[in-house]
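Asks: Construct the entire structure; sequences and hints are all you get.
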Amino acid sequence: MNDQQTALVPAHARAGKYLTFFLAGEEYGLEILKVSEIIGMQAITRVPRTPDFVRGVINLRGKVIPITDLRVKFGMTSNDSEESCIIVVQMREVQTGIVVDRVSEVVALTEDEIANSPEFGAGVDTDLLLGIGKSGDRVKLLLDIDKVLAAREVSVLTDVLGAVAA
Amino acid sequence: MLLMQLETTDTADLTELRDALVALVFDSKIPTTAEPHVARAARLLGGILDNTAVNAAADFQRVNDAMESALAVDGVLAALTPEHHAPAAAPSPARAHDALPDDTDLELLRDFLSEAAEYIESSEVALLALEADPQDAEAVNTVFRAFHTVKSTAAFLGLTHIAEFAHEAESLLSRVRDREFSYGPGCADLSLRSVDMLKALLGSVEHAIAGDGSLVRPEGYPRLVAVLANYRPDQDAASVGAVPMVEAGPRAQRTESVADATIRVRTDRLDRLINMVGELVIAQTMIGGDDLLANGLQPDLARKVTHAGKIVRELQELSMSMRMVPLRSTFQKLARVVRDTASKVGKSVHFATDGDEVEIDRNLVDILADPLVHMVRNAVDHGIELPNDRSRSGKPSTGTVRLSAYHASGNVVVDLIDDGAGLDRARIVRKAIEKGLIESDRGMSDSDVFNLIFAPGFSTAEKVTDISGRGVGLDVVRRNLELIRGRLEISSAPGAGTTFSLRLPLTLAVTDGMLVRVGSERFVIPLTQIHMSFQPEPSMLSTVVGNGEMVRLRGSLMPVVRLHRMFNIRDAIENPLQALLVIVDDGAQRTALMVDELLGQQQVVAKPLGEALGRIPGFSGGAILGDGRVGLILDVRETTSLTAPPLKLAS
Chain P
1 MNDQQTALVP AHARAGKYLT FFLAGEEYGL EILKVSEIIG MQAITRVPRT
51 PDFVRGVINL RGKVIPITDL RVKFGMTSND SEESCIIVVQ MREVQTGIVV
101 DRVSEVVALT EDEIANSPEF GAGVDTDLLL GIGKSGDRVK LLLDIDKVLA
151 AREVSVLTDV LGAVAA
Chain V
1 MLLMQLETTD TADLTELRDA LVALVFDSKI PTTAEPHVAR AARLLGGILD
51 NTAVNAAADF QRVNDAMESA LAVDGVLAAL TPEHHAPAAA PSPARAHDAL
101 PDDTDLELLR DFLSEAAEYI ESSEVALLAL EADPQDAEAV NTVFRAFHTV
151 KSTAAFLGLT HIAEFAHEAE SLLSRVRDRE FSYGPGCADL SLRSVDMLKA
201 LLGSVEHAIA GDGSLVRPEG YPRLVAVLAN YRPDQDAASV GAVPMVEAGP
251 RAQRTESVAD ATIRVRTDRL DRLINMVGEL VIAQTMIGGD DLLANGLQPD
301 LARKVTHAGK IVRELQELSM SMRMVPLRST FQKLARVVRD TASKVGKSVH
351 FATDGDEVEI DRNLVDILAD PLVHMVRNAV DHGIELPNDR SRSGKPSTGT
401 VRLSAYHASG NVVVDLIDDG AGLDRARIVR KAIEKGLIES DRGMSDSDVF
451 NLIFAPGFST AEKVTDISGR GVGLDVVRRN LELIRGRLEI SSAPGAGTTF
501 SLRLPLTLAV TDGMLVRVGS ERFVIPLTQI HMSFQPEPSM LSTVVGNGEM
551 VRLRGSLMPV VRLHRMFNIR DAIENPLQAL LVIVDDGAQR TALMVDELLG
601 QQQVVAKPLG EALGRIPGFS GGAILGDGRV GLILDVRETT SLTAPPLKLA
651 S
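These protein sequence lines are chains P and V, in that order.
Per this note's numbering, the very first residue in the first sequence carries number 1; after that it's consecutive.
Per this note's numbering, the very first residue in the second sequence carries number 1; after that it's consecutive.
These are calculated hints, taken from the structure and not from any lab test.
Note that CB positions come from ideal geometry on N, CA and C, so glycine has one too.
It cannot be assumed that every hint is accurate.
What the hints assert, rightly or not - Think about it this way: if two alpha-carbon atoms lie no more than 30 Å apart in a straight line, the pair counts; the simulated DSSO-like pairs of lysine-lysine are:
hint	chain 1	residue 1	chain 2	residue 2
1	P	K63	V	K310
2	V	K431	V	K344
3	V	K304	P	K63
4	P	K17	P	K147
Claimed, not checked - With the Cβ distance kept under 7 Å, some of the chain V side facing chain P (calculated, not the full set):
hint	residue
5	R145
6	A606
7	L609
8	L613
9	G614
10	I624
11	G628
12	R629
13	V630
Replies: This is the structure in structure tokens:
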């Protein structure tokens, strides 16, 4: 699987490696091919007049890149801890950092292990998900990171997990 | 000797030669002893042209002999070489043996050569594609554009014969483009020969640069021009084939060697390199400032770090210089603007330049070019008076427009000086009141008044000409200059002329900034836009209904922008009497920005805030500060316009 396939036929090319991380106790997954690096938390310069989920900008080896706080983006309160870190995501030429609570592991998921995200009522943005990964005993929300970062408003994803577990 | 490359059938060239010879005799440009020979040659040529010659071929030989005899006379050669004979005789016998124009800029010429070589290469590829698919419109356009570009540049550089040739080649292609006929084998052959000819022509220029400046025309030049001009699609390939092949070999190779001496680098790569070096400098500064070195316990390490620092700084200078180009070519293009504008409005204007060797960032040149053209036009059109008016006021009837570039305190200054009528304060004030820009000029200094001419929609020209005075332009000039963080100052004395001073940063890569603190956040304000800073007294502050907080400084009233409020910073000083006011000038008005503290001056490398974030109003970008964190660079104009409604200049 490569980037191109993902773009062209997302429904059938979801199998592959995912970087998983935690946000408020839940596990999320992110296509490994989109990840360019993981860096520790560092001083973020706030940029006034931007949405709340934009934490600001950092200096990544001389490049200024924006940082999105995924907690805020998904309607939770920002809460940095010792383990918080920044995943630098590469979307085409553009780099963006996302703040997560803790990076977990890299898992390989087969197509069988990925379920389509359920259709839900209003308030839950399931179209931000590629699907739901089930490997081992944990459920992972596989994010369509391009859509997540392109969205201009706060999205609610937390209810998805409850519904999946039910 | 001169005629060797002409054929009896080259009527156009022969006519031109005959006329030139006649002119030589009539204008007494040559020693009298040579005149009979030249006159004889002219007469014989006339016979050949009129078809009255009994034996054209024999007469042709006699013309040749006559010219040889003429050339044998001392001084004739000198008279015929371009340095010595008058412009009237320029398109003369020398047509078969041109020379580079006297005032040629070799650098421009070299640029032209490498550029033209690229165009020709691409046109060759396109021509081959066209042969495979004669319907390929894109290929036709590529070739057409290539010929056209070579033509216009060659014409600009005074390489008339190259321009002429490219013109013919272009015409052929334009006929194909306009579907006058399709691209058949004959046409293909001819096009490729034209490309070879262009190569050979460029080779001759190359040769001329290296040698004595004389341009030798490649063999078969007139013939190919004639065939191109008279091409008919029904002409069979064989008759085209009769055109001699051009030997482009050794000369073309020399052209390549010039192109090899320089390589063209994509500017974005260069920009990245320069940015990275900028980062390296900051990283190096951080190492140098490390506690480990500061306590003086590591003299060895400190020495090594200092050494590395020197290398880094040298590297920075070198990388900066890679993007620097002299202002010369920018200035030279303006000479043309002056001449054209002057002749259009019936004025006599002398154009002079100083300091055209001063170098400036290549990126700035492109942005600077348009404002300069506009200002120079403006100076000729509005600044310089008509010759009669000048004579009446006791000035030489020829006006002077001078561009002068020099370095001043880390900036490049370009002065545009005219010795015209000067700015008329009363007229500007009248106009500004009429346009509703001001209510009165009370309290306005001369420079405040002069600055009004850059206000949008302002024009003092009594009549609108097609050159300038359309009421647009000067405000665009100012905007363009702001883009490159330049500043414009005007000084003028009635009757003695006007000086516009453009103050430009050396480069866009590095900005001189003032680092300010607001609460716990830091911002960079471009130094060029800071007028002054001070701590206000209670008596200076007032609140004007509808305009919010104002501060009065030396008689002028300006709005106060509380940065902490605008940027929603909670831990900043709220009381203006304890804070600092930084007066910034966005070109149109002055505003007082309220900050906690000035942290000092710093050179910063401006960077976009990341594409994912887009453009954030109020900030022009970010910069890596000395501690490795990002500081935001304030966009003064946007910051001030984000606040109060625009304020009229007079209170």
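Asks: Against this structure, judge whether each hint is valid.
Replies: Hint check:
{"no.": "1", "hint": "K63(P) to K310(V)", "in the structure": "holds, 24 Å"}
{"no.": "2", "hint": "K431(V) to K344(V)", "in the structure": "holds, 26 Å"}
{"no.": "3", "hint": "K304(V) to K63(P)", "in the structure": "holds, 27 Å"}
{"no.": "4", "hint": "K17(P) to K147(P)", "in the structure": "holds, 19 Å"}
{"no.": "5", "hint": "R145", "in the structure": "violated, 29 Å"}
{"no.": "6", "hint": "A606", "in the structure": "violated, 10 Å"}
{"no.": "7", "hint": "L609", "in the structure": "holds, 6 Å"}
{"no.": "8", "hint": "L613", "in the structure": "holds, 4 Å"}
{"no.": "9", "hint": "G614", "in the structure": "violated, 9 Å"}
{"no.": "10", "hint": "I624", "in the structure": "holds, 5 Å"}
{"no.": "11", "hint": "G628", "in the structure": "holds, 6 Å"}
{"no.": "12", "hint": "R629", "in the structure": "holds, 5 Å"}
{"no.": "13", "hint": "V630", "in the structure": "holds, 4 Å"}
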